[in-house]
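Visitor: These are the residues of each chain, in order.
Number of protein chains: 2
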Amino acid sequence: MKKICKYGTHRVLEPAGALPQAAYKLDNAMDTAPNEIRIDVQSLNIDSASFTQIREEAQGDIEKIKAKILDIVDKRGKMQNPVTGSGGMLIGTVAEIGTALHRTDIKKGDKIATLVSLSLTPLKISEITAIHPDIDRVDVTAQAILFETGIYAKLPEDMPEALALAVLDVAGAPAQTAKLVRPGDSVLILGGGGKSGMLCCNEAMKRVGPTGNVVAVCVLEEDRQRLLSNGLCHHALIADATRPLAVLDKTLEANGGREYDISFNVVNVSNTEMAGILPVRDGGIVYLFSMATSFTQAALGAEGAGKDVTMLVGNGYTKDHAEIALAQLRDNPKLRKLFTERWA
Amino acid sequence: MKKICKYGTHRVLEPAGALPQAAYKLDNAMDTAPNEIRIDVQSLNIDSASFTQIREEAQGDIEKIKAKILDIVDKRGKMQNPVTGSGGMLIGTVAEIGTALHRTDIKKGDKIATLVSLSLTPLKISEITAIHPDIDRVDVTAQAILFETGIYAKLPEDMPEALALAVLDVAGAPAQTAKLVRPGDSVLILGGGGKSGMLCCNEAMKRVGPTGNVVAVCVLEEDRQRLLSNGLCHHALIADATRPLAVLDKTLEANGGREYDISFNVVNVSNTEMAGILPVRDGGIVYLFSMATSFTQAALGAEGAGKDVTMLVGNGYTKDHAEIALAQLRDNPKLRKLFTERWA
Numbered sequence: 504m505k506k507i508c509k510y511g512t513h514r515v516l517e518p519a520g521a522l523p524q525a526a527y528k529l530d531n532a533m534d535t536a537p538n539e540i541r542i543d544v545q546s547l548n549i550d551s552a553s554f555t556q557i558r559e560e561a562q563g564d565i566e567k568i569k570a571k572i573l574d575i576v577d578k579r580g581k582m583q584n585p586v587t588g589s590g591g592m593l594i595g596t597v598a599e600i601g602t603a604l605h606r607t608d609i610k611k612g613d614k615i616a617t618l619v620s621l622s623l624t625p626l627k628i629s630e631i632t633a634i635h636p637d638i639d640r641v642d643v644t645a646q647a648i649l650f651e652t653g654i655y656a657k658l659p660e661d662m663p664e665a666l667a668l669a670v671l672d673v674a675g676a677p678a679q680t681a682k683l684v685r686p687g688d689s690v691l692i693l694g695g696g697g698k699s700g701m702l703c704c705n706e707a708m709k710r711v712g713p714t715g716n717v718v719a720v721c722v723l724e725e726d727r728q729r730l731l732s733n734g735l736c737h738h739a740l741i742a743d744a745t746r747p748l749a750v751l752d753k754t755l756e757a758n759g760g761r762e763y764d765i766s767f768n769v770v771n772v773s774n775t776e777m778a779g780i781l782p783v784r785d786g787g788i789v790y791l792f793s794m795a796t797s798f799t800q801a802a803l804g805a806e807g808a809g810k811d812v813t814m815l816v817g818n819g820y821t822k823d824h825a826e827i828a829l830a831q832l833r834d835n836p837k838l839r840k841l842f843t844e845r846w847a
Numbered sequence: 504m505k506k507i508c509k510y511g512t513h514r515v516l517e518p519a520g521a522l523p524q525a526a527y528k529l530d531n532a533m534d535t536a537p538n539e540i541r542i543d544v545q546s547l548n549i550d551s552a553s554f555t556q557i558r559e560e561a562q563g564d565i566e567k568i569k570a571k572i573l574d575i576v577d578k579r580g581k582m583q584n585p586v587t588g589s590g591g592m593l594i595g596t597v598a599e600i601g602t603a604l605h606r607t608d609i610k611k612g613d614k615i616a617t618l619v620s621l622s623l624t625p626l627k628i629s630e631i632t633a634i635h636p637d638i639d640r641v642d643v644t645a646q647a648i649l650f651e652t653g654i655y656a657k658l659p660e661d662m663p664e665a666l667a668l669a670v671l672d673v674a675g676a677p678a679q680t681a682k683l684v685r686p687g688d689s690v691l692i693l694g695g696g697g698k699s700g701m702l703c704c705n706e707a708m709k710r711v712g713p714t715g716n717v718v719a720v721c722v723l724e725e726d727r728q729r730l731l732s733n734g735l736c737h738h739a740l741i742a743d744a745t746r747p748l749a750v751l752d753k754t755l756e757a758n759g760g761r762e763y764d765i766s767f768n769v770v771n772v773s774n775t776e777m778a779g780i781l782p783v784r785d786g787g788i789v790y791l792f793s794m795a796t797s798f799t800q801a802a803l804g805a806e807g808a809g810k811d812v813t814m815l816v817g818n819g820y821t822k823d824h825a826e827i828a829l830a831q832l833r834d835n836p837k838l839r840k841l842f843t844e845r846w847a
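Top line first, the protein sequences correspond to chains A and B.
Taking the working numbering, the leading residue of the first sequence gets 504, the next gets one more, and so forth.
Taking the working numbering, the leading residue of the second sequence gets 504, the next gets one more, and so forth.
The set of hints was computed from the structure by calculation and includes no laboratory data.
Where a beta carbon is used, it is the ideal one built from N, C-alpha and C, also for glycine.
Treat the hints with caution; some may be incorrect.
[What the hints assert, rightly or not] Not close to chain B: a few residues of chain A, all C-beta gaps over 10 angstroms, as computed:
| no. | residue |
| --- | --- |
| 1 | R729 |
| 2 | H737 |
| 3 | R746 |
| 4 | E806 |
| 5 | K810 |
[To be verified] Residues on chain B that point at chain A, a partial pick, calculated with CB under 8 angstroms:
| no. | residue |
| --- | --- |
| 6 | K506 |
| 7 | I507 |
| 8 | T512 |
| 9 | A525 |
| 10 | Y527 |
| 11 | G590 |
| 12 | L623 |
| 13 | A742 |
| 14 | N774 |
| 15 | K822 |
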């Protein structure tokens, strides 16, 4: 093995000089370098954009989904969807902590969730034991490697594993919402019915205060009802985010005809960039959290429509994001109940 | 033709409901709707990421480049590179102003440059008369349509057309730099030798003041010398932006071992996202201006390395950007000379 590196470049097989996320292929041999942590993996939480793409390609056939996942990991040494480029995260037990690491927060045998993407995590699957397409989860017998800079969270003791996993999977979303939303803001959330969407809604409602307006856009009527009846937004409406002009009309109506201060796009399908851009005022913020986002569609689309908005790439990491995300469920029993019913 | 729309959706042939930039195919019939402007096109300035991709695919063969461009426009009704998704801009003469538009700033016969991307501009090419691969320019006999929201600039009278075109092509870059760079900042510019890079450098030097540090990374030694000898940065160094760890080492050394407050990535090739992310401090800004940027590589790469940075999608449009860009050349004779020598 090459000289060990805190970012894991010693496991990059091709292309040379790349970091693990950008690499086509990683070395997934399970001998552990002194600065690595080896994990006995129990489940993969596939990123929603990735799982949706694979499920559609496999036309919902579970065996084909299995085969596709095994094929990707076999070819790349990591579970990175070649179409979306995204990964997901995993849950498992610490099997070995490299001799050069001095970790006091975890020990061998602890249950952890990784908070870095599967798209840069060396993974070797022995067997896929079950696929849960409704929650994008894949149960496996597998091993994975966490690099020195790879972040993780020890699973909390006050909630079931599956519930913690569902929240940690999208931990960046509520922490970023907390940083950006100001009192009095009008906030548009596209994809409000999903995990990220609900956490964004919940955090936005806390931040905007009595004079703000939080509007969620969903695909399903049951999601719309669920958001409203649980007080997770002021208005919720049904629209297809791949049709930006229709979204523009409906969302402006839900905000008294005014453009929004900020939008969050957490939709898990392609071609929704402009639905989050057109309704935002000049000088406003467009937060792009979907792994199905096209960089050029956002950049050139905003320019083409003459929208002077600040567009942010959703960074899955920000300081204390795991604690902030878990606190959402601890502080809001209704949200916890919703998450438990749907994803745990 | 469908109901006319200020964003140009009446010309979208597929998929339904998409805006012109996201569309696969536009109607490039040259009958002008009441809210459109028709342009007799003189030259296309192909986006650098797009032209680089086409040139490499054609192995530098001019006839193959021509054929590729004609093929793209024939299939899509617009010059949008299917690999990079990007376009460029054009220069031409106003041939017709739709009857519903009341423009006082331009009239039939005026020379204008479009400031919206070719990736959303209906275009019909009769003939490619010349290709200038050194400046990504394609001379054509062609017609194009500008939508109601499509922005443009009348060519200034105090500089040659080709010079104005070279600057307007990347007009967003200096205006965005002006908004983000603060006195005392350390600023890293990847791709400093190109048009965007030089404009970013020039603007950053003005903004950081005496206590800041502007560091440019280039590929060619002649670019490095040119930047330094013209006072466009404090330090310039040679590095391959597709090798982020090598860039990290060299750039930190040029900033006294400290991480940067802000980086601008204006490189025109793929896989350079992490080179702009790793050298930036937690809480710093990463500005992604390259059309070769991968959204997922930026988002998941930053997360994977545990970098708590704010990543911005380069918006080609911001208020007064064309005037701000042209003023750069008017205010700095050395920069104007450099642009004239290389791109005009």
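Visitor: Flag every earlier hint the structure violates by its number, smallest first.
Guide: Per hint list: 3, 4, 5, 6, 7, 10 and 13 violated.
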